[in-house]
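Heads up: the protein sequence lines correspond to chains A and U, in order.
Following my numbering from start to finish, the first sequence increments by one per residue and tops out at 352.
Following my numbering from start to finish, the second sequence increments by one per residue and tops out at 183.
Hint data in this document are derived by calculation from the structure and do not stem from the laboratory.
Built from N, CA and C at the ideal position, the CB exists for glycine as well.
Errors might be hidden in some of the hints.
As the list claims (entries may be wrong) - Residues from chain A that keep clear of chain U, each with C-beta distances beyond 10 Å, as calculated: (1) Gln26; (2) Arg43; (3) Glu69; (4) Gln125; (5) Arg158.
Unchecked claim - For each label pair, taking beta carbons as the anchor points, the in silico distance ranges come out as: (6) U:Gly117 x A:Asp264: 38 to 46 Å; (7) U:Ala167 x A:Arg18: 32 to 40 Å; (8) A:Pro15 x U:Arg128: 33 to 41 Å.
What the hints assert, rightly or not - Which residues of chain A face chain U? A few of them, derived with a C-beta cut under 8 Å, are: (9) Gln17; (10) Pro115; (11) His124; (12) Asp127; (13) Pro291.
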Amino acid sequence: MAARDIAIIGYAQTPSQRDAIQSEVQLLVGTITDAVTMAGINRREIGFTCAGSCDYLTGGPFAFVSNLEAAGSWPPISESHVEADGAFAMYEAWMRLQEGDIDIALAFGSGKSSPSNPAEVWAHQLDPYYLAPLGADPVSLAAIQARALLDSGRATERDFAEVVARSRARATANPNAQLSGAVDVDALLAAPYHTAPLRRHDLPPISDGAAAVIMARGDKARELCSRPAWIRGMDHRIDPHQPGVRDITTARSATMAAQKAGYDGGPLDVAEISATFSPQEIILREALGLPDGTEINPSGGPLAGNPVMAVGLIRVIEAAARIIGGGADRALAHATAGPLLQQNLVCLMEGE
Amino acid sequence: MSAESPARKEEMVMEHLVSLTYRERLTPSLNRFVDRILEGELIGHRCPSCSRVYVPPKGYCPLCVVTTSAEDEVQVSDRGILTGFTIITPVAYYGQQATDPFVYASVLLDGASTPVGGQDITGVAHDRIHTGMRVRAVWRPPAERRVEGITNRGWGGLDAVIESFEATGEPDAAPEAYKEHLF
Chain A
1 MAARDIAIIG YAQTPSQRDA IQSEVQLLVG TITDAVTMAG INRREIGFTC AGSCDYLTGG
61 PFAFVSNLEA AGSWPPISES HVEADGAFAM YEAWMRLQEG DIDIALAFGS GKSSPSNPAE
121 VWAHQLDPYY LAPLGADPVS LAAIQARALL DSGRATERDF AEVVARSRAR ATANPNAQLS
181 GAVDVDALLA APYHTAPLRR HDLPPISDGA AAVIMARGDK ARELCSRPAW IRGMDHRIDP
241 HQPGVRDITT ARSATMAAQK AGYDGGPLDV AEISATFSPQ EIILREALGL PDGTEINPSG
301 GPLAGNPVMA VGLIRVIEAA ARIIGGGADR ALAHATAGPL LQQNLVCLME GE
Chain U
1 MSAESPARKE EMVMEHLVSL TYRERLTPSL NRFVDRILEG ELIGHRCPSC SRVYVPPKGY
61 CPLCVVTTSA EDEVQVSDRG ILTGFTIITP VAYYGQQATD PFVYASVLLD GASTPVGGQD
121 ITGVAHDRIH TGMRVRAVWR PPAERRVEGI TNRGWGGLDA VIESFEATGE PDAAPEAYKE
181 HLF
């Protein structure tokens, strides 16, 4: 099956930052150029381009059209857009590569959360009858999820703080991280609640950023990259939209996506997962079936930098980078969308 | 669906008005553009690769995909060529304040490679407006110029600084001068 013959050979991301001075397109111009340069290709060799972004976040209808300028879209190119994280754009580009008639594809994701009030914006992705009119914002929903997890007896507030301390510590080695440093778990637990039972550090930062990956097929990938990150499987699954009709202390669609992507629970060197709030790392570790020895979010994960619409693709990049760099043989990347881990994408990668 | 069906009687309509607020910092190149138009000057960025001049400056050339900066800044004229127009007869949709037919024109300023869109044309009967017409900016008085409508999206808002364009009376431009900008 052609699916086994596609690899990531180039990538780039901006630092995750608040109040980026560049426009969203400007963030992408440098990022896509860097990914193309790393892949060692000419832009015109790209057979398909797919972008991920959100007009509600950018604050303008058809904002995604100007983002395409960063891909060099004249003379015309073959392209598509998803109103979703760049990881979902990558999924479409990966599917397109499987047609077998093109060798190279570009996927990118971008978003600036700083100009808006994310609590206002994201309430509008909920159902328009019951939850959107309530203004149910992501932090409030995440606090309900955290409470349910505590009540299930599977985690404590100390577990949440330990996730944060690990994220900040690992992020010190990540030049693109927004939050990093040595923090003491007891000091974290002494902080007041932001939205009980979550404290401010259990929340991701508000971030602007962009990310891009170049994928290539078979021999083209081997020719361009000495150690490509081979995509062994990729899948995404969706839970019911209404959080009230599912068990929010788990993510069944994440479990299914991991299985369908070919992850069998075996050894993994690295897992980069979109745990946007600290309790979600505990939920996802269980749902994805990550073994004990796996290093989870060595980049620091979304708690260290959360450029929505790029953050999932950055998980893929961080996992792929460790394979391409030789530090890992098998890595899993996870992206999410929707309220409380409703939609989940898993990408399983290996070295050769 | 028939009016007497029981399902129809149970339909409920709810209003859900959405208001979202965005606070955006202008990019450095647009900040500079805004400073200059308040002074009555129009600037753009000249691409170091293809020499096209983008007005307002984008901070990159979308054709060459290279970044541009203050070093690439050039001033362009407030006169140019009308490259396209629409005469709009307003209908009373929500928010529409105009009642009389008005013009939306694109103007290719002398020295620029990109037209500025959405400009009003005044002092010319609507049935005399035509592409190739030479026009010049009618600037609002300095104290009345407003720049809040200029955003990182890169279009719109200029009408709060330049009230309209009027005919200069010069002969029409040759089609070769603007044929790439017709649409």
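Glutamate 69 (chain A) clear of chain U by more than 10 Å, beta carbon to beta carbon?
-> violated (4 Å)
Identify whether the interface hint at histidine 124 (chain A) stands, where standing means a beta carbon of chain U within less than 8 Å of its own.
-> Interface hint status for histidine 124 (chain A): holds (6 Å vs cutoff 8 Å).
Classify the hint on proline 115 (chain A) as holds or violated, based on whether any CB of chain U lies nearer than 8 Å to its CB.
-> holds (4 Å)
Close enough to count: is the Cβ of glutamine 17 (chain A) nearer than 8 Å to one in chain U?
-> Hint violated; glutamine 17 (chain A) Cβ to chain U Cβ min 12 Å, cut 8 Å.
Does the claim that arginine 43 (chain A) lies outside the interface with chain U hold up, using a Cβ gap greater than 10 Å?
-> It is violated; arginine 43 (chain A) is separated from chain U by about 7 Å at its closest Cβ, not greater than 10 Å.
Would you check whether the claim that arginine 158 (chain A) is not at the interface survives, using Cβ distances to chain U and the 10 Å cut-off?
-> The claim stands: arginine 158 (chain A) keeps its Cβ more than 10 Å from every Cβ of chain U (closest is about 37 Å).
Kindly confirm whether 38 to 46 Å is satisfied by the beta carbon distance between glycine 117 (chain U) and aspartate 264 (chain A).
-> Given range 38 to 46 Å: violated, Cβ gap about 56 Å.
Using 8 Å as the Cβ threshold, decide whether aspartate 127 (chain A) counts as touching chain U.
-> violated (11 Å)
Mind verifying the non-interface call on glutamine 26 (chain A)? Its CB should be farther than 10 Å from each CB in chain U.
-> violated (5 Å)
How does the Cβ-Cβ distance of alanine 167 (chain U) and arginine 18 (chain A) compare with 32 to 40 Å: does it lie in that range?
-> violated (48 Å)
Arginine 128 (chain U) and proline 15 (chain A) - C-beta distance against the hinted 33 to 41 Å | Once the Cβ atoms are compared, 55 Å apart, the range 33 to 41 Å for arginine 128 (chain U) and proline 15 (chain A) is violated.
No chain U beta carbon within 10 Å of glutamine 125 (chain A)'s = The claim holds: glutamine 125 (chain A) sits with its nearest Cβ about 12 Å from chain U, beyond 10 Å.
Going down the numbered hints, you'll see the structure goes against 1, 2, 3, 6, 7, 8, 9, 12 and 13, while the others check out.
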